[in-house]
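Visitor: Top line first, the protein sequences correspond to chains A and B.
Residue 104 in the numbering used here sits at position 104 of the first sequence, and the numbers go up by one each step.
Residue 1177 in the numbering used here sits at position 177 of the second sequence, and the numbers go up by one each step.
Relax, there's no trap hidden among the hints.
Going by beta-carbon spacing under 10 Å, a handful of chain A positions derived as facing chain B:
#1 G49
#2 R74
#3 E81
#4 A82
#5 S85
#6 Y86
#7 T87
#8 S93
#9 F94
#10 M101
#11 R105
#12 C142
#13 I155
In short, the hints are calculated from the structure, not lab data.
As the structure is a prediction and not an experimental result, all values here were calculated from the model.
Every residue gets a Cβ at the ideal spot worked out from N, C-alpha and C, and that includes glycine.
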Amino acid sequence: MIKVENLSKSFGSKRAVDGVSFEVGKGEVLGFLGPNGAGKSTTMRMITGFVPPSAGSVSVCGLDVQENPIEVKRRIGYLPEAAPSYTEMSVLSFLKFAAEMRGLRGEGRRSAIRRVVELCHLENVLGQAIDTLSKGFRHRTCLAQALIHDPEVLILDEPTDGLDPNQKHEVRTLIREMGENKAIIFSTHILEEVEAACTRAIIIDRGRIVANGTPQELKARAATGKLEDFFRSITRSDTVAEAA
Amino acid sequence: MRASWAVIRTIAKRELAAYFESPVAYVFLVIFLLLSGFFTFTFGGFFERGEASLAAFFNWLPWLFLFLVPAAGMRLWSEERRLGTIELLLTMPVAAWQAIVGKFLASWLFLVVALALSFPIVATANWLGDPDNGVIASGYVGAALLAGAYLAISCLTSALTRNQVIAFILAVVLCLALILVGFSPLTDLLARWASPWLVEAVSKFSVLTHYDGFQKGVLDSRDLLYFLSVMAYALFATGVVIRNHRTG
Ligand SMILES: Nc1ncnc2c1ncn2[C@@H]1O[C@H](COP(=O)(O)OP(=O)(O)OP(=O)(O)O)[C@@H](O)[C@H]1O
Ligand SMILES: [Mg+2]
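Can you make the complete structure from the sequences, with help from the hints?
Guide: Here it is, written out as structure tokens:
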């Protein structure tokens, strides 16, 4: 359902994403791994149509993102990296806004809000202004916004960032369950999450894909059989890159 | 088309609510009413004019709006950029132009409401004498268009930066320029050096030139066209800025 071909993005002379290609089908959860600055968020922004690519193409549900941006956006639920939201609004009015933007009205809107409020456990903060929420709740509010129209495709940029261990566990479970009939890409720095929720993982380093496989395959490629060791062997830390 | 309008309305509604959810709206309204009353009844010489009209009020508006409209418009896009919500907004199924128009309309409506709240001045004039209410009505139309033109420029400067203060200052400078090219003390001075037709040609670009027509009660389609084109150009430029900023 998501097809990324030879995607590249340059900021000035800096190549943030460099010829990335992959596909994600329905029922797949793709984990996006990579060191800071590897180009994960930039790739996701190109898939959601927020940032136009310098080269290459993205299609979602058979529609090209550059040619049919609105239709593509209808099919995607997106949680941006810093989980932004209109901080002066209450959680409820924010979700109402998101639902209306997705064309939901009346009873459709009410039931959609009820659903995501339950999924993201927002019952007790509905009337609260977002800027008075704790970081974890702000994050969950933005996640709720991404799920409100029950999209076929989910792009989640660090969905478990800032959540407590219980919530992290819940969100992972949620992602795995939703993944059964959606196409999901999510990025994370927590390697256990990959094993817990993904059907496949991609490791990206300095804009290029350096590994692509099931969590088991990737683990097997490390001598110790640990994903973390494989990750460290295949990506270079900044200090090493500087010296090279 | 209907869906497109629905999205614009949703965005406008949120924007308008944002004004009233923060103290901005109330502070703005109070300051606008206090200052416009103050200018009208003191410097404007409302009573000394010896005529029942709102000239005293309308004459000050271009200068009052010069600061108040950029203050109302500076947050439109810079706040969106600062909070990062622009990424949220533009990955929802909307075209950038719909978001731009929705936000603009919400702020414009807010400014028109502020203008409408100055009705006690109209009532006073009617109570004291017998003003030409047709001229007053056309004056208000001109004032609303002037506010729209300043606002569109504020939209543009607000899209340029995530810093509201910079957006404000840029908007004031641009709007001031649009005033000064037709401000008679200055154009008279210029006419001594430059050829009169040049000065006059330049002053055609001034908001004052076109605003004055409405204040005389003359509804000229060229004046209307002028304000609408300023708005259209500025909003179009806003779209270009937003697109380029995403391209990086
Ligand atoms: N708007 C921009 N202008 C210039 N450079 C940018 C811009 N956005 C991203 N970059 C650069 O592109 C590279 C990739 O950034 P990106 O945010 O995609 O990394 P990431 O993999 O998401 O990292 P993290 O794990 O820290 O979130 C970085 O070097 C970053 O500095
Ligand atoms: Mg990132």
